[in-house]
Amino acid sequence: MDINALFTDEGLRAFTARMRDQHMKDAQQYGQIADIVRRRLEQTPIDGDWWLSKWFRARKVTRQVKAMEKASKGAASAAEALYATYKNEVLELPQRRAVAAARKAERKQNRQAAAGAAVAKSLEKSVTSLAGGAAGPVPGQVPQARPAEFVSPDSPWGQWPMAAGGDQVAPTRTINDYFPKGGEGR
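In this note's numbering, the protein residues as written are 2 to 187.
Warning: the hint list may mix true and false statements.
With beta-carbon atoms standing in for the labels, derived distance ranges [as the list claims (entries may be wrong)]:
1. ALA85 with ILE4: 38 to 48 Å
2. ALA103 with ILE4: 31 to 41 Å
3. ALA18 with ASP48: 46 to 56 Å
4. GLY12 with GLN44: 43 to 53 Å
5. GLY49 with ARG19: 47 to 57 Å
6. ARG19 with VAL100: 28 to 38 Å
7. VAL100 with ARG64: 43 to 53 Å
Once the Cα atoms are required to be at most 27 Å apart in a straight line, the calculated DSSO-like pairs of lysine-lysine come out as [what the hints assert, rightly or not]:
8. LYS88 with LYS109
9. LYS71 with LYS26
10. LYS67 with LYS55
11. LYS109 with LYS122
12. LYS88 with LYS105
13. LYS105 with LYS126
14. LYS71 with LYS88
15. LYS74 with LYS26
16. LYS74 with LYS105
17. LYS109 with LYS126
18. LYS67 with LYS26
19. LYS61 with LYS71
20. LYS74 with LYS61
21. LYS55 with LYS71
22. LYS122 with LYS26
Worth flagging that the hints you see were computed from the coordinates, not collected in a lab.
All C-beta atoms, glycine included, are put in the ideal place defined by N, C-alpha and C.
The whole structure should be built from the sequences, with the hints applied where relevant.
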């Protein structure tokens with residue numbers, strides 16, 4: 002047998018088909034032998050047998066031949082599994098990897114396009130709101146009643162109490178110092 006031919010699709014298929022057929026033929030012969038042995042032992046009495054002794058003895062002996070039949074059928078199915086596994090794991094692997102790489106590249110491209118569109122939309126909203134609505138009102142945005150005002154304290158030192166040894170402590174400011182109370186600004 003040429004070992005290099007074994008690593009081709011046709012060579013491995015021929016080898017596994019030959020092994021499968023051989024094992025199935027052996028299993029069939031073992032099954033026939035088991036039937037013959039069982040029937041012969043059921044009909045052959047031995048001195049001192051009870052009425053079911055022949056039947057039990059025939060089953061015990063036949064069990065060994067049936068195990069050989071089962072092993073041959075397992076070997077036949079293993080030969081088929083060998084070909085299927087080789088084809089799946091060796092022959093078709095490069096094609097599956099190429100398809101998976103193409104799908105991965107397509108998903109990456111779609112994610113990048115979606116991210117680019119989201120960034121563009123965000124930048125458009127930022128430009129529109131910073132330009133003072135020159136491009137028109139942004140849908141879904143609530144217009145402000147008045148522009149935002151930044152309030153700075155009179156002196157930065159008035160925000161904190163005296164550090165050490167000072168008797169005078171400036172009162173701490175609250176939020177009401179910076180924003181009008183109640184409904185005055187509405």
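Restraint check for LYS88 with LYS105, where alpha carbons must lie at most 27 Å apart: holds (24 Å)
Agreement of LYS67 and LYS55 with the hint, judged by alpha carbon distance not exceeding 27 Å: Roughly 18 Å between the alpha carbons, so the hint for LYS67 and LYS55 holds.
Distance restraint between LYS61 and LYS71, which requires alpha-carbon spacing of 27 Å or less: holds (16 Å)
ALA85 paired with ILE4, Cβ distance criterion 38 to 48 Å: Roughly 21 Å apart at Cβ, these two residues miss the hinted range, so it is violated.
27 Å Cα cutoff - pair LYS122, LYS26: violated (72 Å)
LYS71 paired with LYS88 [C-alpha distance capped at 27 Å]: Holds. LYS71 to LYS88 sits at ~26 Å (cutoff 27 Å).
Hint consistency between LYS105 and LYS126 [alpha-carbon to alpha-carbon, up to 27 Å]: violated (32 Å)
Proposed proximity, LYS122 with LYS109 (alpha carbon, max 27 Å): Answer holds: LYS109 to LYS122 is near 20 Å, not above 27 Å.
Given hint LYS26 paired with LYS74 - CA-CA distance at most 27 Å: Roughly 9 Å separates the two Cα atoms, so the pair holds.
Agreement of LYS88 and LYS109 with the hint, judged by alpha carbon distance not exceeding 27 Å: violated (30 Å)
Outcome for the supplied range 31 to 41 Å, where the beta carbon pair is ALA103 and ILE4: holds (35 Å)
Pairwise hint evaluation, LYS126 against LYS109, where the allowed Cα distance is 27 Å at most: Holds - the C-alpha atoms of LYS126 and LYS109 are around 26 Å apart, at most 27 Å.
Taken one by one, the earlier hints fail for this structure at numbers 1, 8, 13, 16 and 22, listed in ascending order.
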